[in-house]
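Colleague: Just so you know, the sequence shown maps onto residues 541 to 714 in this note's numbering.
Please note: incorrect hints may appear among the correct ones.
FRET-style restraints, in silico, Cβ to Cβ [said to hold, decoys possible]:
1) P691 to A551: 33 to 39 Å
2) A585 to G552: 14 to 20 Å
3) T547 to L684: 19 to 25 Å
4) D697 to L557: 37 to 43 Å
5) R578 to R685: 24 to 30 Å
Treat the hints as calculated values from the structure; they're not laboratory data. Beta carbons are placed, not taken as given, at the ideal position from N, Cα and C, and that holds for glycine.
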Amino acid sequence: MVPPTWTLLTAGIVLVLLLGWVTFTLTRLRRLEGRVTRAWEVLDAALTRRADLLAAAGREGADVLGPDRVVDLGRAVDAARRPPGGDREVAENALGRVVRELPEAARSPELDDAGWRVGLARRFYNDAVRDTRALRRRPIARVLRLHAGRPLPRFFDIDDGLDAVVATGRSGTA
Numbered sequence: 541m542v543p544p545t546w547t548l549l550t551a552g553i554v555l556v557l558l559l560g561w562v563t564f565t566l567t568r569l570r571r572l573e574g575r576v577t578r579a580w581e582v583l584d585a586a587l588t589r590r591a592d593l594l595a596a597a598g599r600e601g602a603d604v605l606g607p608d609r610v611v612d613l614g615r616a617v618d619a620a621r622r623p624p625g626g627d628r629e630v631a632e633n634a635l636g637r638v639v640r641e642l643p644e645a646a647r648s649p650e651l652d653d654a655g656w657r658v659g660l661a662r663r664f665y666n667d668a669v670r671d672t673r674a675l676r677r678r679p680i681a682r683v684l685r686l687h688a689g690r691p692l693p694r695f696f697d698i699d700d701g702l703d704a705v706v707a708t709g710r711s712g713t714a
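Based on the sequences and whatever the hints tell you, model everything.
Modeller: Structural data, given as structure tokens:
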């Protein structure tokens, strides 16, 4: 073989490898996008369930909570269901503060379970967002503008009170 043939063969191999990588990356990006969508649906369902349980707790435990707390709880639940200005994180944080102020007599095991489920769903969603953002920010993916027409998914950060538990557990085992 003559040198130009080697050059063409090398360029062809590099092109095939690049096309293989692009195909693999696009497939992975599509799967991550589906993962983000499914994780958001689970998080949304967990947040809705928690709001429904809190509304029921406000109706059923009015004598334990008192009229002021029932009104605050009702406003927070309504804001979480239909966030003013579309900022759901702010509404869920306000609802979380109201939940933390509830007396133990008004808390049901289902409500505590719903809070844990919200925390887990939020973590799964944020993990999916983190993986998607990391893949899309790789240099070759940016240069080739893979998925450039789609917006980057946003993290959903609320204060659900579970970060301290996880951080404590990690530092104790390390």
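Colleague: Now, for every hint given, state plainly whether the structure supports it.
Modeller: Going down the list of hints, with the structure as the test:
Distance hint check: the CB atoms of P691 and A551 are about 35 Å apart, consistent with the given range 33 to 39 Å. Taking the beta carbon of each, A585 and G552 are about 50 Å apart, not inside 14 to 20 Å as hinted. A hinted range of 19 to 25 Å holds for the C-beta pair T547 and L684, which are about 23 Å apart. A C-beta distance of roughly 39 Å is found between D697 and L557, which places it inside the suggested range of 37 to 43 Å.
Checked against the hint of 24 to 30 Å, the C-beta distance between R578 and R685 comes to roughly 26 Å, which is consistent with it.
Hint check: a violation occurs at hint 2 only; the rest are consistent with the structure.
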